[in-house]
Amino acid sequence: MKAQLNNYHQAPGKVRLVTDLVRGKSVEEAIIHLRFLPKRASLPVANLIQSAIANALNKEPGMKREDLYIKEIAVGKRMVFKRSRPGAHGRAFPIKRKTSHVTIKLKTKSEELKTTTKNLKHFLSFLSGIHFFLLHSIL
Numbered sequence: 024m025k026a027q028l029n030n031y032h033q034a035p036g037k038v039r040l041v042t043d044l045v046r047g048k049s050v051e052e053a054i055i056h057l058r059f060l061p062k063r064a065s066l067p068v069a070n071l072i073q074s075a076i077a078n079a080l081n082k083e084p085g086m087k088r089e090d091l092y093i094k095e096i097a098v099g100k101r102m103v104f105k106r107s108r109p110g111a112h113g114r115a116f117p118i119k120r121k122t123s124h125v126t127i128k129l130k131t132k133s134e135e136l137k138t139t140t141k142n143l144k145h146f147l148s149f150l151s152g153i154h155f156f157l158l159h160s161i162l
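The working numbering puts the first residue of the sequence shown at 24, with every later residue one more than the last.
Hints may be right or wrong, so weigh each one.
Here are the simulated DSSO-like cross-link-like pairs (lysine-lysine), alpha carbons at most 30 Å apart as the crow flies [said to hold, decoys possible]:
#1 Lys132 <-> Lys82
#2 Lys105 <-> Lys87
#3 Lys100 <-> Lys121
#4 Lys25 <-> Lys87
#5 Lys132 <-> Lys87
#6 Lys94 <-> Lys130
#7 Lys48 <-> Lys100
#8 Lys121 <-> Lys144
#9 Lys130 <-> Lys100
#10 Lys25 <-> Lys128
#11 Lys121 <-> Lys94
#12 Lys128 <-> Lys87
#13 Lys121 <-> Lys82
#14 Lys37 <-> Lys128
#15 Lys62 <-> Lys100
#16 Lys48 <-> Lys128
#17 Lys94 <-> Lys82
#18 Lys100 <-> Lys144
#19 Lys62 <-> Lys132
The calculated label-pair distances, taken between Cβ atoms and stated as ranges, are [unchecked claim]:
#20 Gln27 <-> Ser148: 32 to 38 Å
#21 Lys105 <-> Asn29: 15 to 21 Å
#22 Lys119 <-> Glu51: 33 to 39 Å
#23 His112 <-> Asp43: 21 to 27 Å
#24 Ala111 <-> Glu51: 50 to 56 Å
Hints are computed from structural coordinates only; laboratory data are not their basis.
Note that the structure is a prediction, hence the values are computed from the model and not measured.
Backbone N, C-alpha and C fix where the C-beta goes; we use that ideal spot for every residue, glycine too.
Produce the complete structure using the sequences and hints provided.
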């Protein structure tokens, strides 16, 4: 359940300001936050979240939209368009137009609970092994 926005024409640092606000939130809450955020990147990120929701609902038809939350959202630096601007005394000054990729992964709360329970079981078995080792090494 993921979606990707490729070659978005805005600097990654500016897009990261928007994505950091919605990381870890439910998708409904994230879309509401983005609707009222006065940043240029808020609309494309909101559309990306809508796309990821549609991907998730098509992949698993029984899934509910209310159960989805944003597990990961990452902004990566991509192509830089290099242009030049006229400067004083016939020189040229560079302009770097940065682009970014945004990747989002959604999960349901039940999937996260299953993963957490599985990790907890592994950790407890590890602790019992250490406890057994320490107990027998002392004796």
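Cross-check of the supplied hints:
1. Lys132 <-> Lys82: holds, 17 Å
2. Lys105 <-> Lys87: Given that 30 Å is the threshold and the Cα spacing comes to 45 Å, the pair is violated.
3. Lys100 <-> Lys121: holds, 8 Å
4. Lys25 <-> Lys87: At roughly 16 Å apart (the allowed maximum being 30 Å), Lys87 and Lys25 satisfy the hint.
5. Lys132 <-> Lys87: holds, 11 Å
6. Lys94 <-> Lys130: holds, 6 Å
7. Lys48 <-> Lys100: holds, 24 Å
8. Lys121 <-> Lys144: violated, 45 Å
9. Lys130 <-> Lys100: Given pair Lys130, Lys100 holds - Cα atoms ~25 Å apart, limit 30 Å.
10. Lys25 <-> Lys128: OK: Lys25 and Lys128 at ~4 Å, within 30 Å.
11. Lys121 <-> Lys94: With a Cα-Cα distance of about 26 Å, the restraint between Lys121 and Lys94 holds, given a limit of 30 Å.
12. Lys128 <-> Lys87: Satisfied, since the Cα-Cα distance of roughly 16 Å is no more than 30 Å.
13. Lys121 <-> Lys82: Violated. Lys121 to Lys82 sits at ~33 Å, over the 30 Å cutoff.
14. Lys37 <-> Lys128: holds, 20 Å
15. Lys62 <-> Lys100: holds, 19 Å
16. Lys48 <-> Lys128: holds, 12 Å
17. Lys94 <-> Lys82: Holds: Lys94 and Lys82 sit about 17 Å apart, inside 30 Å.
18. Lys100 <-> Lys144: Violated, because 38 Å separates the two Cα atoms, which is more than 30 Å.
19. Lys62 <-> Lys132: Roughly 29 Å separates the two Cα atoms, so the pair holds.
20. Gln27 <-> Ser148: 32 to 38 Å: Holds, at about 37 Å.
21. Lys105 <-> Asn29: 15 to 21 Å: At 19 Å between Cβs, range holds.
22. Lys119 <-> Glu51: 33 to 39 Å: 37 Å Cβ-Cβ, so the 33 to 39 Å window holds.
23. His112 <-> Asp43: 21 to 27 Å: violated, 43 Å
24. Ala111 <-> Glu51: 50 to 56 Å: Holds, since Ala111 and Glu51 (Cβ atoms, about 53 Å apart) stay within the stated range.
Figure legend: structure checked against the earlier numbered hints; hints not met, in rising order: 2, 8, 13, 18, 23.
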